[in-house]
Every structure is written in C-alpha cells, then in structure tokens.
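Student: Note that the protein sequences, when read in sequence, are chains G and R. So for the first sequence, our numbering puts the first residue at 1; every next one is plus one. So for the second sequence, our numbering puts the first residue at 1; every next one is plus one.
For the record, the hints were derived by calculation from the structure and aren't laboratory data. The structure presented is a predicted model; accordingly, all values stated were derived computationally and were not measured. Some hints here could point you the wrong way.
What the hints assert, rightly or not - Calculated pairs, PhoX-like style, for lysine-lysine (alpha carbon to alpha carbon, straight line, at most 25 Å): (1) R:350 / R:361; (2) G:41 / R:511; (3) R:562 / R:576; (4) R:465 / G:74; (5) G:41 / R:30; (6) R:361 / G:41; (7) G:160 / G:121; (8) G:74 / G:121; (9) G:113 / G:74; (10) G:23 / R:477; (11) G:113 / R:30; (12) G:121 / R:511; (13) G:41 / R:502; (14) G:121 / R:514.
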Amino acid sequence: MREATLKVFRGTDYETGEFKTYKVPVEDGMVVLDAIHYIQKEIDPDVAVRWNCKAAKCGSCSAEVNGKPALMCKTRMDHFASDTEIQVQPLKTFPLVKDLVTNVAWNYEVNKKITPFTPAKDADWTFFQEDIERVQEFRKCIECFLCQDVCHVLRDHNRKDAFIGPRFLVRTAGLEMHPLDKANRIESLKDHGGIGFCNITKCCTEVCPEDIHITDNAIIPLKERVVDEFYDPVMMLLKKIFGKKQK
Amino acid sequence: MANYEIHEHDILVIGAGGAGLRAAIEASAKGVSVGLVCKSLLGKAHTVMAEGGIAAALANVDSRDNWEVHFRDTMIGGKMLNNWRMAQIHAQEAPECVRELEQWGAVFDRTKEGKILQRAFGGHTYKRLCHVGDRTGLELIRTLQDKGVHQGIDVYMECTVTKILKDGDKVSGAFGYFREDGRYVLFKAKAIILATGGVGRSYLVTSNSWEYTGDGHALAYDAGADLIDMEFVQFHPTGMVWPPGVRGILVTEAVRGEGGILRNSKGERFMFKYLPEATRADYAADETEAKKWLEDTLSGRLKTEYKRPPELSTRDNVARAIYTEVKEGRGTEHGGVYLDISYQNAERVKKKLPSMYHQFKELADVDITQTPMEVGPTMHYIMGGIRVNADTAETRVPGLFAAGECSGGMHGSNRLGGNSLSDLIVFGRRAGRGAVDYTHKLGSAPQISESQITEAIEELEIPFKRQDGINPNDLVKELHTIMGTYVGIFREEKDLQTGIEKLEELKKKFKLVKANGTKVFNPGWHLCRDLKNMLISSEAIARSALSRKESRGAHSRLDYPKTDDSLGNENTSVSKDGETMKLEKTPLNKMPDDLKELFAKKEPAHA
Ligand code: SF4
Ligand code: SF4
Ligand code: FES
C-alpha cells in the first residue's frame, strides 16, 4: 500500500507549535480528513480537528492544505503526487485554538448583527422558482468560512472590526434578494458591513466549495445598490471604466 | 477540586439540530431564559445531512393529501408499533410547522403556482416532501439558526454535557465541559430538553457524524428515564460503497423519488421481487407502469393515475432487498447494487440532485448523469429512544424532556423518509412548550447537589490518571465489529447472545480507557466519555433485539422471520436498575376508534 507523508501543524500557538510528520497508508478514494482520522486512531488521539458530515455538507473541516484553504473531507489524497509532502495547517485568519482548530466565534457575532428576514405582514407566500434561483444559490452556503479565511481584508489587514467578509455579504444578499423581504440593509452594509473594503479580487469565489459566485452574484449587485444610494470608491471606478452595468 | 463556571437558565436545551433549535426558539418566544448547548459549532448538526425533504400534507401537489393519509402512511410504515398520538400530532402539525419555516425565511422549491413544491418518497401515498433540491436539512438548520440567534437564546458551542443533575426526582441542571479548553461548566436549569440525535457511531458503516454517540439516550437512561423500541435501527438502503473512504455516506432517497432505478449486477430490476404482499398493490405492477409513472412525474403533471415504482417501497424493505441481492452473489464489484438515474436528462439530474452530483463526482469520480452509482445499506437512524409523553414531550423524569431522534415512539418499527425533519420541528416545538409549562408550574427552583458534581468531575478526570490504559479508539473498533457482526441488519438469537457477552467484556475494558495530552481540544479525551454513551445505547439495542422474537419493520430476525400479531401491542422498554439494564415489555397505548377507522377505509393508493 502506498504511504503518504503528512506534515500536520501541532500546538496551541504559532510561536511554540510546529509541524509534525506522519506516515499514513493511502486507500482508494481517501481524503485528507481520513488521513487525519488515521493519525487520531493509530498515532496521536489528541490531534484536534473539526468535522461532522465527511461529505462536504457541514463546513466544519476547513483547513489550509499545502497553503490552499480547503475542506479536508473534499481534498483527495490522490490529487497529490505520491512523493509530495502534504502540509495541513489551521485557517490563518482566525485565532488558533489547537492544531487544526481555530476560534471562529467572530463570524457568529457578525451574523447576529444582520437584520433578519422581514416579510410583509400580509404576504401571501406565493412566489416563483425564477424569483428565488439567486437566493437559493446563496443559501447553499455551508459556513465553512474559507472565503473569510482567504479574503485579504480579513487575512492580511485583520479588519474584522470594520468588514463583515464575503460570507456575510452572501448572507445579506440572500436576504435582500428574497422576493418577500421588506427590510433595507443597504445603509448598514456600507457603515457596519464595510462593503467598500472589498475590491473585488474574487479570491473568495475561487475557494468556495459550494461554487457560490460570491463576487459576481452577491457582492457586485450589493455594491450597486449601495452606489445607488451612497458612494463606493471601487464601483465608481468600475463604472467609469465600463459604464453602468445593467441591473 | 477542579473549578467550574456556572450558568443559569429556566430551560436548558441539549443539542442544536432541528429539534433542539426549534425547542429553544419556542421556549424563548414564551419569555423564559433559554440556554442551548451543542457539541459542535452552531449550524453543523447532523440535520444538515438530511437531503430529501420534510413530509407535510400541504396538498400543494396532490390535492388528495391530508393529515389522515399522512398519519396512516406513518403508522403503516412503522408497522403499527408507533405511539399513535405522536403520529397523529405529527401529521396534523407538520404543515403548520413547514409554513412557519417559510415565514422565517426558508426558501423551498416552488410549484408552477408559486407554492411549496412536494416530491414523492418511499412509503408516502402522495407527493408530500417539501424540499430544497437535495439540501433540505441545511435549509432547515440555517433558517432555525438565524431565527434563534435573533431571539436572545444563549448558545454554548462545542460543549458536551456529561450528567443530568437532579434534586430528588426532579431535574435541577446539567454538568459538562467545553471542548475548546476542557473547562468544566455547571448549568442550573428547571427543565432540560434533550435533542441529541442518534447512535450511529456504534456502527462502522454509518451515515452519522462523530456527534452521534447516543448522548441523550444515555443521559436520560442514567437519569432514570426509560428507552423504548431500541431494537429498531434503520439501515438506509443507499449509502455509498466505494471508494472505501466514503463508505456509508448517504445517497439521498430523493434519487429514487426522482426516478432512480435499482438493478443488480445481472441488470435485473430486483425490487419488484421484494414488495411485501400487504403493500404490493400500491406499487407499479411492472416496468411499463413504473415508466409511465415516471413520465408523468417528469412532465410535471401533478397527479398521475399510475402507481409508483417499487424502488419507493419503505426503507426496511429496500435495505433488506439490497443486502440479500449482494449476499446471494448478485452484487456489484464493490459489494453494492446499482442505482441508476443516468438515463434521464443530465441537466435535470444536476438541477434536482445537485449535491449528489457533486458528491459522486468529487469523492468517487463518478458522473451520475453518465453512469449508475454503487450503493448499499448504511446505518442511518434509530427509531427507538427515550419514552416521552406525546403531547408534552416529557419523559418519566420530572423536568426532563426529549425531542427528535433521541426520543422514541413516533416512528414505530420503521421510519419513513421525510418524517424525520418534520418530527424535529413538530416535537421540538411541543417540547419547548411542554418545558415552559412545566417551569411555570414548578414552585421553587430545584437545588444543585455538590456530590453529583464531584462525581461528574471525577468521571471526567480519571482517564488522565490511568498510566497504561487503553486507547478509546481501539475500543470503538471492537464495538464496530460487535455491532456489525452480531447486531446488524439480520439478527439471530445466538448471535445476539454472543454480541451481548462481548459488550459486557467491552464494558469492563472501558474502565481502563486513558487520555493523553491536555484538556485543550482533545478528541481522544472526549471519546473516553462519549464511549460510555455508545456502550449504553449499543447494549440497549442488542438486548431489545434479543427480546423481540419476531420480524417487524427494521428488526429482521432470521430465526423468527414472520411478524407476530400478538407482539404488535407491546413496546420493549429498557431502564437502569442499579448496575444492570432492566428490560420490560409494556403495552402500547390504545388507538381510539375514529383513528382505527382510517385503516379500514384505505383506498388504493396512487402517487
Ligand atoms: S472579492 Fe472582496 S470579499 Fe472576496 S476576497 Fe476579494 S476583497 Fe475579499
Ligand atoms: S460562501 Fe462559500 S466559502 Fe464562504 S462560507 Fe459559504 S460556502 Fe464557505
Ligand atoms: S466534514 Fe462536513 S464539510 Fe468536511
């Protein structure tokens, strides 16, 4: 049986923690999460990792595999050449708890501040499939926070105080575009949401395991709504270059 | 003595899947203070894995549907062993609970008239499952989560409760630890709602997540409640079988609801052979009729005069059929059978079953729009659970409530697909109300006993003190072998007896489990405690299975292959008696005559 070499980050802070090397036998169809489980079962039972579904549906097992933010349960071992080492480390954007587990509580705090779904009192709950395609796309989000991890505003500039990040722009878009929602989140998107920080690098879209078109379908339309009411530097620039986009 | 932090709530809900969240929302809406504890992060509960839909007789797609038909389907699916009152409440309240979800922001797929779309599912007479593609569970969780966080519920994430505390016979609180750093926590509460889900981790091949270690079952058992019908374990007929890394992961029943066909390695559509006499008339007579049903379905016609394909038989039948085909040598290369949807238009398949498409593509290199899937049974659900009062969800322990998979009675001996999500919201809501009513009637707050806390702490500390103990993962492996070999799909007296003996040995070894490292996010240490719950629920399953000398629903005995009518009016009940598990047979509640009549006037079903 083929053996893979994994280097897994172990420790409770980045100063003292280090990568530990493990040899793991590789079965057909094995994913990185299986390898971590193998390590737990056979070598170090105290390796910290989150997971639930093992089917890319719950968004628990996010980590950085060879530097790329990914779901470990979706990252196949046979995608790596047999002589490469596979390096697994925690999400950089969030404070480390231990090994592959980070403290993602900030995301839950952000979510609380978004105005919830607010239907009209007299809504008759008739709406059509074509009205909700977009909303359903956004509601596929499994809250893996990979997009939050990769976004430079949060990752490199640590502006968690000012920017809610792509995940919650997606969430806001899902509410704003619900055919029966009556609330207006545009002003708070500008002020508390910090949507102006996003300069449309699209890194978030690239890592989204649910293939949500975060930038094109959620962020840009939201930015347009903000521009319609207020001012957004990036959109103004884009508009100057490309003219106003059709809504 | 170790320190612990203290939180106080009127009601503590343990488990934040569909049932726990719904219960917490209900209780906090009534103005009491609610704490919600979950072993994982919020929104990751196993409910997200539910794919096919929520059963509710909205009659949006087939106007002939109503709660009475749903009730009857549920009882027939459960082989009449269900708590009739739960099945009635469930069928009556599910439509309202689904509408409520919509009003809280859930975005279900629509009919052409702009209403909630419903699909066919095994055992349901009419098209009844409200759904969002094949990710209905996620929609339910996210809707409840977002509703809940705006309602002032205090959520304690990644926290495991290890003991229910009592003042005399009444619940007074709970003790546990935070997974993040192992700090201990005491919750003072007047009432506790258990919503911890199932027991799947006792089996190797399972669709269940690590959380499913029978916590609620074991906590309730230790607190003095009884567990009923634990012999009824549902093997979902279609789990992935290949590659090994994904073995057991669920393939939604919606594949069959959308027309998926089961064939063995010889290409035979074998399900026609396995339809039980009693329900054969409800299914298509042959491939031609099944095809017509499908054509009607694909064309979007709401009603059809043709009967549904045999693949939509109840889960217990389909699981046994697949198991038998494989055992008799007609299985696929990897020990499953074929499930084929590739004959349909590829775009439709991708639209209707997007997660399945991706799941197979990414994890198995199989394009389900081009080739059939390989599937086989996987441990999925336990029908048995904590005995509750149907109306209030209260157990026999005052102040202790239970809802969702960890409770028993609702599904009898076999659960219909789609009846789980509806169970969660209907009885989550009931439990929330029941617990609030209880706290209102309760006079003074019950007292916490220091000695119970000391016990709880010692239990958690001891694995670190064992110098050369056993790795708990090794015991889990042994447990898997025992449950798979002796307490699997088909059962027999001598196997079950051997299984029980081996479980007894395992219980002895359990006293030697050890933990390494520190208390900071240490899954090995966590498992040392979870394993105790797995052992209690496994023993309950094995003992209950041995005691039921018949085959009924999901319980198949090779030595008693027939259903015995005289055993259809008793539940199996296990409870704690000192250090041993006491097993009793208790009579079923009598169904009132007006409900009985519903079974007499059963018209031939078309769907
Ligand atoms: S597009 Fe915007 S939100 Fe996405 S990664 Fe770039 S800056 Fe962040
Ligand atoms: S939007 Fe995509 S990447 Fe971001 S949290 Fe949701 S699923 Fe993950
Ligand atoms: S374990 Fe659920 S997404 Fe990986």
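Student: Next step is simple, just say for each hint if it's right about the structure.
Tutor: We went through each hint and held it up to the structure:
For the hint linking residue 350 of chain R to residue 361 of chain R, the alpha-carbon distance of about 11 Å falls within 25 Å, and the restraint holds. Proposed proximity of residue 41 of chain G and residue 511 of chain R is supported: the alpha carbons are some 19 Å apart, at most 25 Å. Distance check on the hinted pair: residue 562 of chain R and residue 576 of chain R sit about 31 Å apart at the alpha-carbon level, beyond 25 Å; violated. Of the supplied pair hints, the one linking residue 465 of chain R and residue 74 of chain G is violated, its CA atoms being roughly 37 Å apart against a limit of 25 Å.
A distance of roughly 45 Å separates the Cα atoms of residue 41 of chain G and residue 30 of chain R; the hinted pair therefore is violated under the 25 Å criterion. With a C-alpha separation of about 28 Å, the suggested pairing of residue 361 of chain R with residue 41 of chain G is violated against the 25 Å cut-off. Restraint check for residue 160 of chain G and residue 121 of chain G: not satisfied, since their Cα atoms lie roughly 35 Å apart, outside the 25 Å limit. The hinted pair formed by residue 74 of chain G and residue 121 of chain G fails the criterion: a straight-line CA distance of about 42 Å is larger than 25 Å.
Between residue 113 of chain G and residue 74 of chain G the alpha-carbon distance is near 31 Å, which puts this suggested pair outside the 25 Å criterion. Of the pairs offered as hints, the one joining residue 23 of chain G and residue 477 of chain R holds, with about 21 Å between alpha carbons and a cut-off of 25 Å not exceeded. Between residue 113 of chain G and residue 30 of chain R the alpha-carbon distance is near 23 Å, which keeps this suggested pair within the 25 Å criterion. For the hint linking residue 121 of chain G to residue 511 of chain R, the alpha-carbon distance of about 59 Å lies beyond 25 Å, and the restraint is violated.
Annotation: proposed proximity of residue 41 of chain G to residue 502 of chain R holds, straight-line Cα distance about 22 Å (limit 25 Å). Among the hinted pairs, residue 121 of chain G with residue 514 of chain R is inconsistent with the structure: their alpha-carbon atoms are about 57 Å apart, more than 25 Å.
Checked against the numbered hints given earlier, this structure breaks hints 3, 4, 5, 6, 7, 8, 9, 12, 14; the rest are met.
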